[in-house]
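Taking the hints into account, I'd like the entire structure generated from these sequences.
When you line the sequence shown up against this note's numbering, it's residues 1 to 187, in that order.
No wet-lab data here; the hints were simulated from the structure. Even glycine gets a Cβ: it sits at the ideal position worked out from N, Cα and C. You may find that some hints are simply not true.
As the list claims (entries may be wrong) - Here are the simulated distance ranges between beta carbons:
{"#": "1", "residue 1": "Arg119", "residue 2": "Ser56", "range": "40 to 46 Å"}
{"#": "2", "residue 1": "Ala111", "residue 2": "Arg45", "range": "19 to 25 Å"}
{"#": "3", "residue 1": "Phe34", "residue 2": "Val110", "range": "19 to 25 Å"}
{"#": "4", "residue 1": "Arg119", "residue 2": "Asp62", "range": "24 to 30 Å"}
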Amino acid sequence: EIRRPERCELTDQLRDRLQSLMERLLTPHRTPRFGAVNIHEVLERVRSLILAETPSMVLRRDYDVSLPEIRADAEQLIQATLNIARNAVQAMHGNGHGHGQGEIVFRTRVARQITLESRRYQLGMRVEIIDNGPGIPDEIRDQIFYPLVSGREGGSGLGLAVAQTLIAQNHGTIDCESRPGHTVFSI
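Pasting the structure below:
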């Protein structure tokens, strides 16, 4: 019983250190470098990286080529979408979808009447990353953007938290809908 208060104190110290580490990891090391960005060039870069890592993955494009350039940080958008796509690949490979059946679709569309950062816009852009994997487990679905929450063994639980931070820094939002065979991350 004497050791119990010491354990609580040690646990508190560890929790504080982990929280500090998480804040450092999730806070980008530089401010965004905004410039003109073609979202399809961002997605093509992510697509080529995923294909290089997982040649068996089927990656489809469903682009609205009429979309104009946006003001954003291209490298941050690449990192955010790459984190999402890698999660999809890992989910499919870890659940028997890794033998040529796994498919990811990169879709772009015009979004009408959207609210971003408490401001209403008549037009915006929606990027969807869609996979046909097993879906996100119900028990973590509401927490997937929290640090250290992972649906796979050995996962760090940082990819989606970082993606959300980067998308927010580029004045966007991210959300997810998921069921077995159909998961959609919308930016």
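We went through each hint and held it up to the structure:
no., hint, verdict
1, Arg119 <-> Ser56: 40 to 46 Å, "holds (43 Å)"
2, Ala111 <-> Arg45: 19 to 25 Å, "holds (22 Å)"
3, Phe34 <-> Val110: 19 to 25 Å, "holds (21 Å)"
4, Arg119 <-> Asp62: 24 to 30 Å, "holds (28 Å)"
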